[in-house]
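Protein sequences appear in the order of chains A and V. Read left to right, the first sequence gives residues 82 to 362 (my numbering). Read left to right, the second sequence gives residues 82 to 362 (my numbering).
Hints are computed from structural coordinates only; laboratory data are not their basis. Take the hints with a grain of salt, since some may be wrong.
Straight-line distance between alpha carbons at most 30 Å, and here's what the computed DSS-like set of lysine-lysine pairs gives [what the hints assert, rightly or not]: (1) V/K234 with V/K332; (2) A/K174 with V/K332; (3) A/K174 with V/K264; (4) V/K174 with A/K332; (5) A/K234 with V/K332; (6) A/K174 with A/K133.
Covered stretches of chain V, as calculated for chain A (at least 3 residues, CB under 8 Å) [unchecked claim]: (7) 130-141; (8) 324-335.
Cβ coordinates follow ideal geometry from the N, Cα and C atoms, glycine included.
Protein chains: 2
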Amino acid sequence: MMTNNRDNRVEPEASKIRSGTRTLFVIEFDGTDFSGFQIQNNARTVQGEMEKALSKIYKQTIRLHGCSRTDAGVHARRHVSHADLPFRIPEEKIPLALNTFLPQDICVIAARIVDEDFHARFDSRGKRYIYRISDTRCRPSIYRRTACHVPVKLSVERMQEAANHIIGTHDFSAFCASEGLDKNPIRTVNRIEVLRQPITNQIEIMVTGESFLYNMVRIIAGTLVYVSQNKLTIDDVDALFINRDRRRAGKTMPAHGLMLDEVFYDRVDIQSLMLDVFDPV
Amino acid sequence: MMTNNRDNRVEPEASKIRSGTRTLFVIEFDGTDFSGFQIQNNARTVQGEMEKALSKIYKQTIRLHGCSRTDAGVHARRHVSHADLPFRIPEEKIPLALNTFLPQDICVIAARIVDEDFHARFDSRGKRYIYRISDTRCRPSIYRRTACHVPVKLSVERMQEAANHIIGTHDFSAFCASEGLDKNPIRTVNRIEVLRQPITNQIEIMVTGESFLYNMVRIIAGTLVYVSQNKLTIDDVDALFINRDRRRAGKTMPAHGLMLDEVFYDRVDIQSLMLDVFDPV
């Protein structure tokens, strides 16, 4: 999958990168009213809306390739996809042009012409997801679209303790929806941070890993909630990697609390593009 | 306005406070689809929805008294209001009962029986508002309902510097919409903090004061934005309190970026009620 060109991280060959029409898009979307990312007949999807907008600009059918399919209701702050475009528009003009044709719940925040063999999905080195929980007694209203409601106070410390036992390379079969069980259930979770956001008072679970099984982040979140509620012990969590039994892990938390936060690539120029867009100095 | 009973902050007379049926409500609402707080004919308002729900439970017309009218589109995390109820329901059961009848964009997060002369508006000692700005090049999508879009990078440091010149007791005429100019334009702003929220990347302007003129927080936010954009200098900001000229201050920022965060009362039990609801230990 990796070529020399891609491994040349420090000094990408700028001329080569910019010569083609393969274009990367960084997209933000509110997943509430989408049936997920992937295009489907008779359903409103992010890919469907993006391809519609691209086709309006380029006057022909354009196929978009996403870094991942996200489920219905899941949000993304920096989703990455790519497409081959029939002619060149200056990359800095693409976002505004596309946003003119896109609905309010999706927006292209950056576009970049990349080399011809770049692939949003296969070149991704990892992803960070954020799962949000509102643990107030009554249901949330302002943040009801982006946080799941657990009507019992949770302990950030206890959840972080359990999370520390999930970090690492394991057989994550117990953290995978049965319909999505991969041939290889070994995955590496690099980092999990659990914190309470002071303004919204929500619990945020940030999970960084190389790749994920189906529903894995939502089941990790459900397992941390179960530990906080004393429905599971830390020993039970450790045992999940041995018994690999989905029924012994926590519940699959609802989709709307999940947000794809960032996608990682080896290429310095792509990674810095995302920083540039979001983190003004 | 203050009575001995109310000034007795450390040991409120519990029996007296709990004997009546005057009840305080802490409400959260997403202002997006409301024509503000105050009841109006032929418009969907927070007060209207609350009175409808109260009337269903108590089988008669109930009049609600809010701590402030908020404009259409403005959100509230802890709005306080009160009503006199015809009979007693245990206060801990009131939120869930009311929420059954309330739409998803409003929820009662706490109710407390208070003494007969408590008034949500007249007893308030102050309020904290938060104004949110997304200063990314492209419009926000996930947070489009709760953050205003300014498509130019802003400087938190520069905005905080200007804010420090607004803190204090001044004639705030220049920060008041003409239709709302009070007889007395002197107001005290106790605190303004400007920060960048790391996850959402939004700028949050937190303004705490005893009371506010009409549109005052939105004009303060607009003035800080103008300073960051070099459309106003710090000297210009200082001069606003002398020239008292609305046209020389910043724009009135859009309503949807504004959120009433908290209302302050002298009474320890009311203040701790809000802490209890939102800040689990």
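> Among all the numbered hints in the text so far, which are the ones the structure does not match?
Replying inline: 3, 5, 7, 8
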